Amino acid sequence: DGGITQSPKYLFRKEGQNVTLSCEQNLNHDAMYWYRQDPGQGLRLIYYSQIVNDFQKGDIAEGYSVSREKKESFPLTVTSAQKNPTAFYLCASVRTDNQPQHFGDGTRLSIL
Amino acid sequence: AQSVTQLGSHVSVSEGALVLLRCNYSSSVPPYLFWYVQYPNQGLQLLLKYTTGATLVKGINGFEAEFKKSETSFHLTKPSAHMSDAAEYFCAVSAMDTGRRALTFGSGTRLQVQP
Chain A
1 DGGITQSPKY LFRKEGQNVT LSCEQNLNHD AMYWYRQDPG QGLRLIYYSQ
51 IVNDFQKGDI AEGYSVSREK KESFPLTVTS AQKNPTAFYL CASVRTDNQP
101 QHFGDGTRLS IL
Chain B
113 AQSVTQLGSH VSVSEGALVL LRCNYSSSVP PYLFWYVQYP NQGLQLLLKY
163 TTGATLVKGI NGFEAEFKKS ETSFHLTKPS AHMSDAAEYF CAVSAMDTGR
213 RALTFGSGTR LQVQP
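Chains A and B, in that order, give the protein sequences.
The first sequence: position 57 = 57 (the working numbering), numbered continuously.
Converting from the second sequence to the working numbering requires adding 112 to each position, the first position being numbered 1.
What the hints contain is simulated information worked out from the structure, not anything from laboratory work.
Covered, in the sense of this in silico footprint (three residues per stretch, anywhere, with C-beta under 8 Å from a C-beta of chain B), are these stretches of chain A:
hint	stretch
1	36-49
2	104-110
In silico lysine-lysine, DSSO-like type, Cα no more than 30 Å apart, as pairs:
hint	chain 1	residue 1	chain 2	residue 2
3	A	K57	A	K70
4	A	K14	A	K57
5	A	K70	A	K9
6	B	K161	A	K57
7	B	K170	B	K181
8	A	K83	A	K9
9	B	K161	A	K70
10	A	K70	A	K14
11	B	K161	A	K71
12	B	K161	A	K9
13	B	K161	B	K181
14	A	K83	A	K57
On a predicted model such as this, the values are computed, not experimentally measured, just so you know.
The beta-carbon is built from N, C-alpha and C at its ideal position, and this holds for glycine as well.
Can you make the complete structure from the sequences, with help from the hints?
Structure below.
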């Protein structure tokens, strides 16, 4: 079955450490997105990519970085510059403009 | 710029009662509108969408929503709540804004269903 796979499901970060969250899709979608979810705040857009080798900052990109070397993959790195990284991170993809985004099951990041 | 307001962060209904979750949006261009449901520690699952055409949209699990342009609303309803409907619901708007089409989410409404 086609879908979006996020890994790991749970991740712990030490002080000063960079961590990378994986997002892989086999839906042949062109656009991919990373959202951050905090309690009571809905989802906020971190980064998005509409084609391979191109990506754009979203509303809360500071302290995060991404790459898009393959159509199927859109990893997110949470850098040590992100001072409050504890959150639930969701990856999504979509084929065309008028279609709904498909979501992965998320990665919960916590601080050790 | 676009925005979404969901009225009521928590809604509680009895099993079998009507479910009404409110969503109002603002957008300077014609929007696409979505409702998603999220169960604990899971991703978002699409309930229904409005892009163009019929303003009353039917989705999965007996949910429906009506796009009312004059009221800038897209409220979600279900005639009879079931215990399995307990979850968090997000309304989202998508509009081509500054060259990008990205979803803007409301802050969510947690639905409780009482036996």
